[in-house]
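Student: Counting along the sequence shown from 1, when you hit position 220 you're at 290 in our numbering, and nothing is skipped either side.
Check each hint, because a few of them may be wrong.
Pairwise CB distance ranges (calculated) [claimed, not checked]: (1) HIS329 with TRP84: 28 to 34 Å; (2) LEU297 with LEU78: 24 to 30 Å; (3) ALA220 with LEU78: 36 to 42 Å; (4) VAL82 with ARG117: 20 to 26 Å; (5) LEU78 with GLU156: 31 to 37 Å; (6) VAL279 with ALA174: 27 to 33 Å.
Since the hints were derived computationally from the structure, they do not count as laboratory data. Note that the Cβ used here is the ideal one computed from N, Cα and C, for glycine as well.
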Amino acid sequence: MTPFLSLLASIVAWVGTMLAVASVAVIGPARLRDAWTGLRARLWDARRAAGTLCAVLLASAIGRSSLQAVSELFGLQATALIYGLEGGFVAWVQSTFATPVLTAYFSWVYVYGYAFLLAFPVVAYLALPRTTTLRRVLVAYALNYAIGLALYTAVFAYGPRNVMPDMVTPLLFTNRPDVMLLASEVNVNTNVFPSLHTSLSVTVGTFAVLTREEYPRWTPVAVWLSLSVVVATMYLGIHWLTDVVAGFALAFGCVALAHRLIDPRNDAVEPSGDASGERPGSEAGADA
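Generate coordinates for the entire structure from the input sequences, incorporating the hints supplied.
Tutor: Shown next, in the form of structure tokens:
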């Protein structure tokens, strides 16, 4: 097995295990059984939101290299501006707090914890009787990626590990060199403003707070993991503090916009499709 496939298999195994444990501990066996009964009807309700997210991810994958070239030629050259604004803050974070234990933790969080953090809400909100929250999360994800891609094109900037190589160590890649293989497939080193790791993690944390009555056990876990990812982006030397602040703003904006776009009044009271996958009589995905 190649190093890339080995890493991918490791991520799938970790995330799959965590999803299984969290599903039992957070969602609960009874709700999981009920969700399975109405699964196909709920998927039907969420089809447009899911399709929108898939379309955005596909466009990002296809256009990433071309848009990077456009950004380099015509985008705002923001590296010096960001460095002038915050100076050596990231270097200070590393020099003050870096330890082998923290490096191992934040490396794990940045790769495995982040993947789990994005995946579990889809499972958890799919298990709810109404699909409003699920559709809002999927739309919020799509908005994060779409707006983030636009900003990556409009703003050309390098991260602190590229600007200050003598002061900032790429701790993720020195601790887990195999991650470079995955990073090169899904990202480029000028995709720093805003931090999508931050925006998507904070998006999940915000939804966890908003749904704390449905899943009280998930809220502290999601908030802790999301904040850990935020810190990891700077601790590992990947993003500036400016990128993180922009990520918070993007997250809150996308959550608010998703709530405006997805109207709960169009949601079915209870998906009426049965196990055979018959379409429910009430269309809940009209706004997605």
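Student: Now, for every hint given, state plainly whether the structure supports it.
Tutor: Each hint, compared with the structure:
no.: 1; hint: HIS329 with TRP84: 28 to 34 Å; in the structure: holds (31 Å)
no.: 2; hint: LEU297 with LEU78: 24 to 30 Å; in the structure: holds (26 Å)
no.: 3; hint: ALA220 with LEU78: 36 to 42 Å; in the structure: violated (28 Å)
no.: 4; hint: VAL82 with ARG117: 20 to 26 Å; in the structure: holds (25 Å)
no.: 5; hint: LEU78 with GLU156: 31 to 37 Å; in the structure: holds (34 Å)
no.: 6; hint: VAL279 with ALA174: 27 to 33 Å; in the structure: holds (28 Å)
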